[in-house]
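2 protein chains.
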Amino acid sequence: MAQQERAVRTRRAVLEAAAAVFAERGYAAATIAEILNRAGVTKGALYFHFASKAALARGVLQEQMRTEYHVPRELKLQEWVDAGMTLAKRLPREPVLLAGVRLSADLQGHDVLGSAWPAWARLTSCVLTEAKERGEVLPHVVPEETAQVFLEAWIGVQFVSQAVAGWADLDERMSALYGHLLPAIAAPAVLVRLDTAPDRGARVIAEVHRRSAALAGVPG
Amino acid sequence: MAQQERAVRTRRAVLEAAAAVFAERGYAAATIAEILNRAGVTKGALYFHFASKAALARGVLQEQMRTEYHVPRELKLQEWVDAGMTLAKRLPREPVLLAGVRLSADLQGHDVLGSAWPAWARLTSCVLTEAKERGEVLPHVVPEETAQVFLEAWIGVQFVSQAVAGWADLDERMSALYGHLLPAIAAPAVLVRLDTAPDRGARVIAEVHRRSAALAGVPG
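Chains A and B supply the protein sequences, listed in that same order. Here full-length UniProt numbering is used: the first residue of the first sequence is 1, the next is one more, and so on. Here full-length UniProt numbering is used: the first residue of the second sequence is 1, the next is one more, and so on.
Hints listed in this document are in silico derivations from the structure and should not be mistaken for laboratory results. Hints should not be assumed to be uniformly reliable.
Unchecked claim - Now the in silico label distances, taken between C-beta atoms and shown as ranges:
id	chain 1	residue 1	chain 2	residue 2	range
1	A	8	B	24	44 to 50 Å
2	B	188	A	26	55 to 61 Å
3	B	203	A	188	48 to 54 Å
4	B	188	A	24	45 to 51 Å
From the three backbone atoms N, C-alpha and C, an ideal C-beta is built for every residue, glycine too.
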């Protein structure tokens with residue numbers, strides 16, 4: 001294995017171990033010792049990539065925005081729905097996303113660690129702006145304002161879903177949220193064409209896996 | 001002062017002191033000693049009303065639903081908006097409400113303490129059901145489902161407002177939330193008549209104070 005490839009793998013192992021520990025314990029209670037233990041790397045290897053616990057948390061937060069499940073659609077608003085519905089499906093299973101939610105909600109840590117909130121709001125804002133240019137969005141919609149409302153609502157949805165169902169009903173709650181926000185956002189002719197069903201996220205993820213398998217020459 | 005009146009006052013003083021301590025420190029870190037100290041009552045007086053810290057927390061949670069700022073309106077949906085907008089205005093200043101938000105968000109405490117969430121969801125659900133019977137609400141709306149979405153979104157709105165502005169912009173964020181949810185809920189002819197401006201809560205509260213003053217014979 002080339003040295004660069006090994007470095008990439010080590011960095012990834014450290015990030016995933018850190019994410020798991022942050023997701024379980026929160027920032028304040030997480031220790032470098034436990035992260036080292038989970039990652040199975042040396043202290044030197046960890047500090048080569050991340051200078052401190054705060055740097056590790058910032059690294060985990062930057063990982064939130066990976067877009068491997070993005071599929072271009074005819075309607076930009078469908079891409080926005082897909083982003084939220086795949087996130088709802090992935091969140092309970094992916095420590096990096098769980099850690100992102102927990103670190104972003106750490107009010108004491110906001111100044112030191114930053115938060116994934118601004119990046120999520122920008123993503124929504126960009127998609128809505130593009131959708132508006134295409135005429136998919138009602139004329140009075142202000143993308144930045146809608147992005148804020150959606151971010152806040154999403155934070156509440158995942159929080160309540162965690163509290164009452166350990167995230168098991170997150171896809172249903174997200175589906176209901178889109179159902180309640182889209183009439184204020186989408187042009188009527190677009191609204192009726194959007195798929196916001198609770199299993200939308202699972203179907204998009206399966207579609208992406210089939211595509212990757214086809215590209216790799218493996219039978220889907 | 002009659003004995004009963006004194007008991008009511010003591011109970012109120014204890015609840016308010018407990019609310020302030022729970023709001024500041026959360027349930028786990030709050031101590032009976034600090035609550036006693038703030039309330040200025042004896043240990044015996046406190047335990048006469050509340051058998052334990054958990055009982056105190058439940059008492060604070062039950063205080064959430066006081067409806068002193070309810071004003072009947074021609075449109076039930078306006079009453080629903082007013083409930084949210086007055087809450088947004090009152091929350092930053094009223095320890096009992098702040099404690100309710102914090103205790104309800106305490107996932108460790110949910111089983112022991114309960115939460116104000118079900119009561120809030122029921123309130124929304126009842127208002128929407130009545131609004132629907134009057135034809136104010138779109139026919140496909142399911143009040144219980146909309147109540148859940150609203151509860152989740154409200155939790156997220158207040159959480160983000162606390163994080164980024166110490167609740168100073170809560171009324172603006174609530175106004176934006178209603179603006180984004182009502183088109184999915186209200187019949188078009190009702191929608192255009194609803195007042196969801198950011199200062200709606202402040203105006204309703206001022207109206208209630210004027211009415212109370214008038215009833216008490218004091219010039220408004």
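Checked hints:
no.: 1; hint: 8/A to 24/B: 44 to 50 Å; in the structure: holds (45 Å)
no.: 2; hint: 188/B to 26/A: 55 to 61 Å; in the structure: violated (46 Å)
no.: 3; hint: 203/B to 188/A: 48 to 54 Å; in the structure: violated (33 Å)
no.: 4; hint: 188/B to 24/A: 45 to 51 Å; in the structure: holds (48 Å)
In this structure, the earlier hints numbered 2, 3 are contradicted, and the remaining ones agree with it.
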